[in-house]
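**Student:** Each protein sequence line maps, in turn, to chains A and B. Each residue of the first sequence is one higher than the last, beginning at 13 in the numbering used here. Each residue of the second sequence is one higher than the last, beginning at 13 in the numbering used here.
For the record, the hints were derived by calculation from the structure and aren't laboratory data. Please note that the accuracy of each hint is not assured.
Identical copies look the same in the list; a pair holds intra-copy or inter-copy alike.
Straight-line C-alpha distance at most 25 Å; calculated SDA-like pairs for lysine to any residue [claimed, not checked]: (1) K247 x G236; (2) K297 x R74; (3) K124 x D291; (4) K179 x R296; (5) K313 x Q245; (6) K179 x W306; (7) K297 x K313; (8) K247 x L276.
None of these values were measured; they are calculated from a predicted model.
What follows is each chain in one-letter form.
Number of protein chains: 2
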Amino acid sequence: MNTLNRQYLLAHRPEGPLRESDFEYREASVPTPGPGEVLTRTLYLSLDPANRVWMGPLPTYRPPIGLGEVMAGFTLNEVVESKDARFRPGDLVECQGGWQDYAVLPADALYKVAPRGPLSHRLSVLGVPGQTAYFGLLEVGRIRAGETVVVSAAAGAVGSITGQLAKLHGCRVIGIAGGPEKCHWLTTELGFDAALDYRAEDFPQRLAAACPEGVDLYFDNVGGAVFQAALFQMKPHGRIVCCGSVSIYDTDTPPPRLLGVPGLLTLRRLRMEGFIVFDFHDRRKQAEQALAGWVAEGRLKVREDIIDGLQNAPRALMGLLHGANIGKRMIRVAPEPSGKP
Amino acid sequence: MNTLNRQYLLAHRPEGPLRESDFEYREASVPTPGPGEVLTRTLYLSLDPANRVWMGPLPTYRPPIGLGEVMAGFTLNEVVESKDARFRPGDLVECQGGWQDYAVLPADALYKVAPRGPLSHRLSVLGVPGQTAYFGLLEVGRIRAGETVVVSAAAGAVGSITGQLAKLHGCRVIGIAGGPEKCHWLTTELGFDAALDYRAEDFPQRLAAACPEGVDLYFDNVGGAVFQAALFQMKPHGRIVCCGSVSIYDTDTPPPRLLGVPGLLTLRRLRMEGFIVFDFHDRRKQAEQALAGWVAEGRLKVREDIIDGLQNAPRALMGLLHGANIGKRMIRVAPEPSGKP
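If we strip away everything but chain A, and leave its shape as in the complex, we get (with noise of 0.2 Å):
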C-alpha cells in the first residue's frame, strides 16, 4: 500500500466560475481506521454538477463542505483495512469519499456492491445518474406510453439515460444539448427522435417546431432560459420534472441563486400545480353540498361585497384588481325576484 494520501482541499468559495485556485493540492498520510470504520482506497470519483453547489455558502440536502476540508464527491472505492464485521479487504463500496486516494468512512455510510460488469457502472448507470434517471422519470414524472418527452443537458450523465428510458417506455424523446456532436450522438446512437442545440439562436423557434403538438413532459435539468423555453411549449396538463439547475451552479449570480424556480423546487423537493376550477365541473355537486352544508353550521363566513346597479360595473372591475374588496364583489344587476319561484 502506498503511504501517500493526495487530497484536494476547498480553498475558496467560488465567486463566479470554478477556479482551479479554489482548490488547494496537499499530500497527507494515509488515515488509520477506528473501531467501526474502515479504510476505503478510492478507484473511481464521480464528478457531478452538484459539486459546486455543494462548494458554496448555502446547505442543500447536505451541509456546504467547510473552507480547508477535503473535497466532497461520490466515489467507487476499494475496502484496504476492516474494524467492522460487515466489510473485507477487497470488497467494492459506493460512498463519499472524496478528493483523496484513501479515506476512512464509518461502516455504516458504506454500500456494498457486486463487480458486476464494468466497476464504472457503479459511479453511472447503475449509480446517482442512472438512479436519478429512474427515480425522476418513472416515479415523480410517471410518465405514460406515447407520451412526448423533452430532456435538457440531454447528452450528460443523467440527461442521455433518462432519454433512454423514456423510449424504453414508448414516448417520443426530444433531446436539448450544446452543440452539433452531442446531438448528432443523441439521434444517431441514442435512438431519440430529435435532438436540439440550445446554443442556435432560433432555438425556442426550433423546439416549437419539433413539439407541435406540445410537451406532456419535460424533465429539466438546467434552469434557466432553456426552462423558459420548454415551459412555453407545455400541453395542458403538462408535467415538469425539476431535477436540476446546472445553468445557474457555475456563475456569478449573486445568492441566493437557487432560492427561485425552479432551484428550490429541486432543492426542496417542492411541488407547483396550476388547476382552473372548471375542470371539475362535473363534481360541482359535491363541493356545493359540502359548502352549504358548512355555511349552514356556521363553520364558513360568507362575505360579500355587493355593489348596485349595471353602470358600476367597469369601475367596480377596476378596483376589484387593486384589492378595493373584502370577499366577494359582484354586481346587483335587478331586484331579486319578489316570490322566488
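Since the structure of chain A is already known, use the hints to place chain B on it.
**Tutor:** What follows is chain B alone, placed relative to chain A:
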C-alpha cells in the same frame, strides 16, 4: 318586462391598468330566443380577476373577448322566456350572461339552481370562488390536519373561503392581504391564526417569523413578489397551488405576461415537481436491477467520460459545469484491482 337591454361592450384591449374607456355602453333591444334557446334576465353579475385576463389578447381556457362584444362575466339569471322544455319562466340559472340586462343563451349553457339561501351565494360561496377554494385546497393541495397553510389575497372571494376551509380541516392558517382592515377581519372574524399585510416593508421577514417551521401548502392567488416571498418559506416536500396571479393581470407588463411562473402553470394546469434522488434511497436496488437488465439486453447504452488521474479533477469539474462532457464524467483515481474480489 323592460324593453331596454343595457350592455357594456369591450371597446379596447387594455394596455396597462384598466380604464373606463376600455368599455363602451350601449342600449340595445331585448333579444328573442330561437329554438333550444332561453331568454334570461341578469340578477347578479360576478366580478372576478380573471375577467381582466379575458380582455387581453391571449386565449386562456376560453377565447379572448372579441372587440365590440358584450363584456363577459359569470351571472345568476332568471329565466324570462324559454324555447327549451327543461326551463320555465322564473327558473334561476347560473350562466355566463355577461355585462347586460338580458341574455339569450343555449339551454345547454344554463345550470339550474334551487333558490336555497341568499341568491348571491350562487356567485360566492357556492359558485366559482367556493368551488375554486374547495377543489384547489382538497384535490390539488391535498391538505392534511396539522399542516401550515398560507393563502394570499386572503380577504378576496377565493382566499377568504380557502383559509376557512383549511381551518375547518385542522390546519394552521396564515392569510396575506393588503392593509390592516383586511388583516383584522381575517383574524377576528374568520379565525385565521395570523394575517400579514404584504405592503409592509418587512413583509418577507414577517412571513418567515409567522411560519417558523415553514409552510406545507401555499395557496397562491397573486403571483409576483408575494409568491416569491412565500416560495422561500416552503418546507421540504411542500406544495404550491397555483390558483391565480392577480398581481400581474392589470399591469402594463408586456405580453406574454402570463407565460411564466406561476401564471402559465395555472393557465395550462401544469405540475412542476422537484426531487432529489436520495429520497428514493431505500428503493435503490429496484432501480439497479431494472437498469442493469436494460443494459444487459442492449436497450440502454452507457457512455462514460473517464479521465485518468486525481490531479485532473479540478479542471474536469470546471469543464463539466460548462458542458465539456458527453455522458457520465468521472476520474479514474487508481487502477482497478487486478483480481476482482
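**Student:** Evaluate each hint against the coordinates.
**Tutor:** Hints versus structure:
1. K247 x G236: both (20 Å within a copy, 23 Å between copies)
2. K297 x R74: between (47 Å within a copy, 23 Å between copies)
3. K124 x D291: For K124 and D291, the Cα distance is within 25 Å only across copies (19 Å; inside one copy 49 Å).
4. K179 x R296: between (39 Å within a copy, 21 Å between copies)
5. K313 x Q245: neither (41 Å within a copy, 28 Å between copies)
6. K179 x W306: between (49 Å within a copy, 12 Å between copies)
7. K297 x K313: The answer is within: 19 Å in one copy meets 25 Å, while 52 Å across copies does not.
8. K247 x L276: both (23 Å within a copy, 11 Å between copies)
Going through the hint list in order, the structure does not satisfy hint 5, though it satisfies all others.
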